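Okay, here's what each chain looks like letter by letter:
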Amino acid sequence: MLSFEGVYRKRGGTFLADVLGDDPLDFWAGRFYVGVFGVVTISATILGILIIALSIAAQGDGDLARVTIGAPLRQYGLGFAPFYQGGNWELIILFATIAFVSWALREVEICRKLDMGYHVPIMFSFAISAFVVLEIIRPLLLGCWCEGFDLGFTGHLTWVSNTGFKYMNFYLNPFHAYGVLGFFLTAMVLAMHGSAILGTYNTNADPSVETANVDNFWRDYIGYSIGELGIHVLGFWLAIYTLIMSDLCILTSGPWVKDWVQFWHFSIPWFH
Amino acid sequence: MATVIARPSIPPMEFPAPNELDRADLLGMRIGVPIRVPLLARFGMSTQTGVIWLGTWGVLSTFFFVAGLAVLTFAGLQQMQGNLPLLIKYFANVQIQPPEGLGMAPSLQQGGFWQINMILWAASVTCWAFRCYERCVRFSWRPYLFFAYCAAILLTATIWLYRPLVMGSWAEAPALGLNSDLDWAQNFSVLWGNLYYNPWHMLAIFFLFGSTMLWGMHGATILATAAEGSHQEVAEIKDMHSGSHKSMLFWRWTMGFNANPKTIHDWLYWFSVGVVLSSAIGIIATGPIVKDWYVWGVDHGWVQQYGPITRSAINGSPQIAPVGINAPAQQGVPKGQGGY
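For the record, the sequence lines run as chains A and B.
Anchor point for the first sequence: position 57 equals 57 in this note's numbering, and the numbering is continuous, going up by one each time.
Anchor point for the second sequence: position 97 equals 97 in this note's numbering, and the numbering is continuous, going up by one each time.
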């Protein structure tokens with residue numbers, strides 16, 4: 001326990017307490033908060049890992065970097081595939097989605113306990129959306145689980161490479177370009193923020209002087225200081241922007257656009 | 001009983017007084033008047049824009065940057081026969097190509113524009129790095145920002161300068177232009193046997209996605225607890241209040257691990273610097289050291305061999321084994337045959 005932790009650990013404010021009036025799962029296990037959604041998460045995770053272990057054992061390849069649990073073959077469409085021919089993949093995706101969603105709901109409960117905003121579960125929901133779009137929504141739109149993302153270390157790299165070429169040139173996918181822009185922008189803004197704090201903390205000056213120092217540095221350097229709160233607003237929305245672009249990037253490839261090179265061969269009448 | 005009170009907000013400070021470093025600078029002065037944009041306050045951002053520091057290095061950097069833009073525009077106009085609407089229409093397709101070999105370009109159109117531009121670019125970013133360092137000294141910052149900026153320069157210099165030097169031709173560098181930049185990235189990957197199997201590329205993407213994830217986590221955590229002042233981080237490092245307590249406990253209860261107001265910024269800083277450092281290693285290794293990342297991955301046992309074609313194709317052998325969807329994968333190929 002952290003020195004101040006006891007003050008904040010209190011029962012109540014959970015989903016089960018709201019519904020049943022009492023929550024038997026409202027406790028901590030070591031550092032971790034449990035709660036009903038913690039139990040769901042850990043159950044789904046154990047089931048998923050069990051399926052992964054069975055699949056690895058069946059493939060008989062001792063090198064975990066090469067093991068790939070592929071999506072079902074095209075012939076199974078949106079139905080159930082035999083266990084070792086993609087049924088394992090379908091179950092892993094199901095349990096992973098359950099685990100992710102209940103993890104987000106567990107975060108909501110912790111936010112309620114600490115009486116703080118719901119920004120983290122909201123952000124995590126956007127991250128889950130990237131997974132759900134890739135593994136569930138896009139295969140549903142294309143009518144085949146075979147369009148899903150293969151699971152495995154180098155297996156998923158091969159999937160990404162092949163999918164890029166399947167749509168001719170993924171670099172010409174505008175959402176891919178905007179997404180990459182978002183990833184690099186987050187990295188750059190992250191470096192700027194990290195440098196500002198690491199560069200100025202504990203300089204034996206008054207904290208207000210240190211803060212003004214940061215503001216005046218950025219005004220001198222680039223003409224604008226976004227401020228202590230503003231930088232976190234910027235980072236938050238940059239991350240959400242990047243995730244939305246990632247969603248659009250993969251969602252449009254296949255259901256709507258078959259060829260990103262051909263995509264640009266349009267003409268605007270008034271532009272001639 | 002621990003402190004559970006929220007941090008009171010800190011009033012804004014006045015303008016910094018000039019000091020010796022400012023006076024020693026030839027062009028050292030602040031220009032403009034601060035313009036308030038009240039709208040920005042609605043997004044939690046500072047309303048004050050402006051009063052930028054001029055400084056000798058900043059002026060030089062801006063000069064080189066504008067000169068580079070002018071050369072780019074001129075070269076683009078020349079490619080479009082001086083037709084400005086055509087340049088605007090086909091802006092994405094303008095390509096300023098690098099010359100072959102390491103010498104001077106034979107003409108402006110055959111790489112001269114590219115060389116002039118790269119010199120101006122190098123001068124501009126170098127001057128900006130000096131400006132960054134000079135401001136760090138002026139404000140008594142530890143030079144984290146300077147080193148992060150140098151790491152970013154290192155990556156671009158590896159792509160446009162060091163790797164072409166090692167490979168013996170400026171043509172190894174990307175042409176300047178929107179589409180040519182994308183094409184270079186695509187071709188580079190294909191030419192060197194699929195960059196996805198480059199472990200440094202993997203690491204760079206890990207850091208890149210990790211940077212976005214960390215911004216998501218850190219930004220969301222701070223916004224969720226900003227009502228109790230957790231966003232005043234420099235002050236919180238010195239003296240923690242309830243906002244930071246909640247930020248830390250949230251992650252401790254969620255995933256069993258938490259940073260604190262200081263160490264979270266170590267994570268942020270090194271993840272973002274890790275992107276460019278591992279990218280630079282991945283780029284400089286591609287070509288001079290490893291010719292084919294797929295074959296490299298197969299040889300090192302972490303990539304599956306998808307069919308029999310690759311080794312002979314990479315080694316330039318004219319005999320390519322028959323390929324079919326049912327062709328059995330070649331087993332037992334001796335190691336170290338991977339053309340590098």
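A portion of the hints provided could be inaccurate.
[As the list claims (entries may be wrong)] The following label-pair restraints were derived from C-beta to C-beta distances: (1) A:HIS156 / B:ALA171: 48 to 54 Å; (2) B:GLN81 / A:ILE137: 45 to 51 Å; (3) A:ASN204 / B:ASN187: 50 to 56 Å; (4) A:ILE268 / B:MET104: 21 to 27 Å; (5) B:GLY50 / A:LEU25: 51 to 57 Å; (6) B:PRO288 / A:ILE268: 40 to 46 Å.
If you're looking for bench data, these hints aren't it; they were derived computationally from the structure.
Just so it is clear, the structure is predicted and the values come from calculations on it, not from any experiment.
Beta carbons: idealized from backbone N, C-alpha and C, even for Gly.
* Do the beta carbons of ASN204 of chain A and ASN187 of chain B sit within 50 to 56 Å of each other? -> holds (53 Å)
* Between GLN81 of chain B and ILE137 of chain A, is the Cβ distance one that fits in 45 to 51 Å? -> holds (47 Å)
* Range agreement (Cβ of LEU25 of chain A with Cβ of GLY50 of chain B, hint 51 to 57 Å) -> holds (55 Å)
* Asked: Has the hinted range 40 to 46 Å been met by the Cβ atoms of PRO288 of chain B and ILE268 of chain A?
  -> holds (44 Å)
* **Cβ separation of HIS156 of chain A and ALA171 of chain B, checked against the hinted range 48 to 54 Å** => violated (33 Å)
* To do: Return holds or violated for the Cβ distance of ILE268 of chain A and MET104 of chain B against the range 21 to 27 Å.
  => violated (41 Å)
Violation of the numbered hints given earlier is confined to hints 1, 4; the remaining hints are satisfied by the structure.
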